[in-house]
Amino acid sequence: AADPRKKKDKFPEVAIERLALPLSVEEFTNYVIEDDAAHSIGKFMRDIGELEVNTTPWKQPQTPDASKPTTRTIHYTHPVNAPMAPPRAKARKHQSLHKFGNVGLCVETCTVVEEVPMADCFVVNDRLWVREAEGENEGCVVSVTFQIKFVKGTMFRRIIETQTRKEYVSYYDQFASMIRSLKSPSASEEGALVEVAMELEEATLELEERISVTEGKGVEVPLSALLNRISKSSRRLSIAAKTQSRRAMDAEVSEERSGTDKQRVLAFARDRTAHIKKQLSESDGRFVLACGVIFFMVLLNMMALKQMMMMNRFLHDLDTRLGKMNEINEGLWLKLAGGNDDGSCLT
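Residue 106 in this note's numbering is what sits at position 101 of the sequence shown, and the numbering runs on without skipping anything.
Simulated from the structure, these hints should not be mistaken for laboratory data.
Mimicking DMTMM-like on lysine to aspartate or glutamate, the simulated pairs with C-alpha atoms at most 20 Å apart in a straight line are:
no., residue 1, residue 2
1, Lys95, Asp52
2, Lys64, Glu39
3, Lys15, Glu166
4, Lys329, Asp41
5, Lys329, Glu39
6, Lys64, Asp40
7, Lys95, Glu57
8, Lys104, Asp70
9, Lys104, Asp41
10, Lys188, Glu31
11, Lys188, Glu143
12, Lys188, Asp178
13, Lys95, Asp125
14, Lys188, Glu32
15, Lys73, Glu39
16, Lys188, Asp41
17, Lys154, Glu120
18, Lys154, Glu166
19, Lys154, Asp125
20, Lys329, Asp52
21, Lys73, Asp40
22, Lys171, Glu22
23, Lys188, Glu137
24, Lys154, Glu172
25, Lys188, Glu39
26, Lys95, Glu120
27, Lys171, Glu119
28, Lys104, Glu32
29, Lys157, Glu119
30, Lys48, Asp322
31, Lys104, Glu139
32, Lys329, Asp40
33, Lys171, Glu18
34, Lys48, Glu32
35, Lys48, Asp178
36, Lys329, Glu57
37, Lys95, Glu172
Here are the in silico distance ranges between beta carbons for each label pair:
no., residue 1, residue 2, range
38, Glu211, Arg23, 32 to 40 Å
39, Thr68, Ala25, 32 to 40 Å
40, Lys188, Arg326, 22 to 30 Å
Every residue gets a Cβ at the ideal spot worked out from N, C-alpha and C, and that includes glycine.
Kindly produce the complete structure, drawing on both the sequences and the hints.
And the structure:
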């Protein structure tokens, strides 16, 4: 795939600068970029207060060409906090996704706001870069740059730039906080190790087979693709092994600390119990009454805490159900709205 940096100038404004994540580029794509991503950009926009967010599926180019990006459009209603402007405004984000194999990607976005005074004077272009971490570092690095592009002259340019820059920096600060919470899936690590080991073994067997077939015939064996597969598989296996080793050490240290903490708590509880028994045996009725009051208050607090935990579980279940209903409504809307324009306004 062609790198759009070769054709276009870099954007001057920086919203996120080299944020390291413990995810591969492929995992980040599955978590954030894909249509059915669990932490999609559309979901993030709803979480921070954008309204009526509807995302079209990624659309493949009409002619199959690896250098051409896939595109989509996010339609939404943006709450407006500006003088002499409506409280809400229709807006859309035209997005183009460039993929560079498994080593990187770039999502180019052009944001257009409607129904707001002077909104037709400018658009905002931004690029979300995700690159494979360099050297022996694991995971990926995320960066975001943007530019405020004026398409018409206006005497309020300075005000528009200041307010728009502030909103975009706030938007991507919240986006950075969201993606920082993403973790590489640990449940499938064993399966991933097996998969990498099998890939490495298959590539090695194929290499040996080609060499044995062509041995003594003076035929040149095309080994570059196989060696590349072996190299990549070895690297993935090494990274996975290091990750598991580090997590095992962390778990062992955590378990030791947990055991020590439990012993300290039990010792403290035994000491306090013995002390209270001694005080009760030596004291008059006032001390016993005070202890009874304290015990009663502790019991009430525990009952209140239990009620709060039950309420939190209820609210969490309710939020999950509402989220599922929202996804169903989005699917119905997409079926009804089928032919929306998703052209990109990036130039």
